[in-house]
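J.: Sequence:
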Amino acid sequence: MEPLRLSRRQDASPIRVSFEFFPPKTEEMEKTLWNSIGRLAPLSPSFVSVTYGAGGSTRERTHQTVTRLVRETDVKPAAHLTCVAASKAEVDDVIRSYAAAGVRHIVALRGDPVGGIGTTYEPHPEGYAQSNDLVAAIRRIGDFEVSVSGYPEGHPESASIDADIEILKRKVDAGATRAITQFFFDNDIFERYIEKVRAAGINVPVLPGIVPVHNFKQVSNFAAKTGASVPAWLAARFEGLDNDPATRQLVAAAVAAEQVLDLVDRGVTDFHFYTMNRADLVYAICHLLGLRPKLAEAA
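Numbering (this note's numbering), first residue to last: 1 to 299.
Quick caveat, the hints were computed from the structure, so don't treat them as lab data.
It is possible that part of the hints are untrue.
Unchecked claim - Pairs of lysine-lysine, DSBU-like flavour, derived with a Cα cap of 30 angstroms:
#1 Lys31 with Lys76
#2 Lys76 with Lys294
#3 Lys169 with Lys88
#4 Lys25 with Lys76
#5 Lys196 with Lys225
#6 Lys25 with Lys88
#7 Lys31 with Lys217
#8 Lys25 with Lys169
#9 Lys169 with Lys225
#10 Lys169 with Lys196
#11 Lys294 with Lys31
#12 Lys88 with Lys76
#13 Lys25 with Lys225
#14 Lys225 with Lys88
#15 Lys169 with Lys76
With the hints as extra help, turn the sequences into a complete structure.
T.: Below is the structure:
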């Protein structure tokens, strides 16, 4: 039996990673967040993104988190921004406040409908109608990197994958410099998606979104809302582990490691991890990818 490999691509381009966090609601959650950032930052991520709640509900906490990242760390923060439930003037003010704080990367998203996923999206009467409009505004206001979302299995509101890719093309044409995908578990789906994206003339980097499965039920419920499929084999891996968190953690690490190492073998060099503000699984996966803490290397 062969040992679990780091990758078969020893002489290929270096692996790059980025991490997503969400702004904390409580003092305890804040401690967990910053402990996780402290653990992952030495891996020299390309950037770390901080989410923005529906309708701007975490606007202040998002801003506080990204400005602290600028002040206290060497990592490059990317602030999420949506155009839901806000006027153009309000959104433009947020963009300028990020620029003033030293943020140079924004993740531009339309955002979920005010009524929640599954309800009808209605643009603010004085706001940006869609994410491509938001991208154009960000690029007009400042010299930002702009990341946008991509959906390997299609956005729940899109008529088809082709229609969804046309929306992605509009965002790139408006100035987006990178796409980050919704999480997925079937790498064949991602590979087919990339083929379609490139065939559509979209040439920006497309980072696969990877979610370590800390809680299978939680991930399954979220996947059902966002249109991501959960393969039967994945459900079988976690069967019977609801009350066994230690084994569940080990299985989650194995599943995520299998996925990312297979993507490396397919030529993927950039990964975006949805950390859920927890570092251990993500750190272990990055180790398998060959990444080492910068401080350890210096020592």
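J.: Are the hints correct? Go through all of them and say.
T.: Checked hints:
1. The suggested pairing of Lys31 with Lys76 holds, with an alpha-carbon distance near 20 angstroms, which does not exceed 30 angstroms.
2. In summary, the hint linking Lys76 to Lys294 is supported, as the alpha carbons are separated by about 15 angstroms, within the 30 angstroms threshold.
3. Pair hint Lys169 plus Lys88 holds up; C-alpha atoms about 22 angstroms apart against a cutoff of 30 angstroms.
4. Restraint check: the Cα-Cα separation between Lys25 and Lys76 comes to about 22 angstroms, which is no more than 30 angstroms; the hinted pair holds.
5. With a C-alpha separation of about 24 angstroms, the suggested pair Lys196 and Lys225 falls inside the 30 angstroms cut-off, and the hint holds.
6. With a CA separation close to 27 angstroms, the supplied pair Lys25 and Lys88 stays within the 30 angstroms bound.
7. Among the hinted pairs, Lys31 with Lys217 is consistent with the structure: their alpha-carbon atoms are about 25 angstroms apart, no more than 30 angstroms.
8. Using a Cα cut-off of 30 angstroms, the hinted pair Lys25 and Lys169 is violated, with the two alpha carbons roughly 35 angstroms apart.
9. Note on Lys169 and Lys225: the hinted pairing holds, with a Cα-Cα distance of about 24 angstroms set against a maximum of 30 angstroms.
10. Taking the CA atoms of Lys169 and Lys196, the gap is about 11 angstroms. The hint holds against a cut of 30 angstroms.
11. At roughly 23 angstroms between alpha-carbon atoms, Lys294 and Lys31 fall within 30 angstroms of each other, so this suggested pair holds.
12. Proximity of Lys88 to Lys76 is assessed by CA-CA distance (about 26 angstroms); at most 30 angstroms being required, the pair is judged to hold.
13. Our distance criterion of 30 angstroms between C-alpha atoms is met by Lys25 and Lys225, whose separation comes to about 23 angstroms.
14. Distance hint between Lys225 and Lys88 is fulfilled; the C-alpha atoms sit about 28 angstroms from each other, no more than 30 angstroms.
15. Taking the CA atoms of Lys169 and Lys76, the gap is about 26 angstroms. The hint holds against a cut of 30 angstroms.
The earlier numbered hint that this structure contradicts is number 8, and it is the only one.
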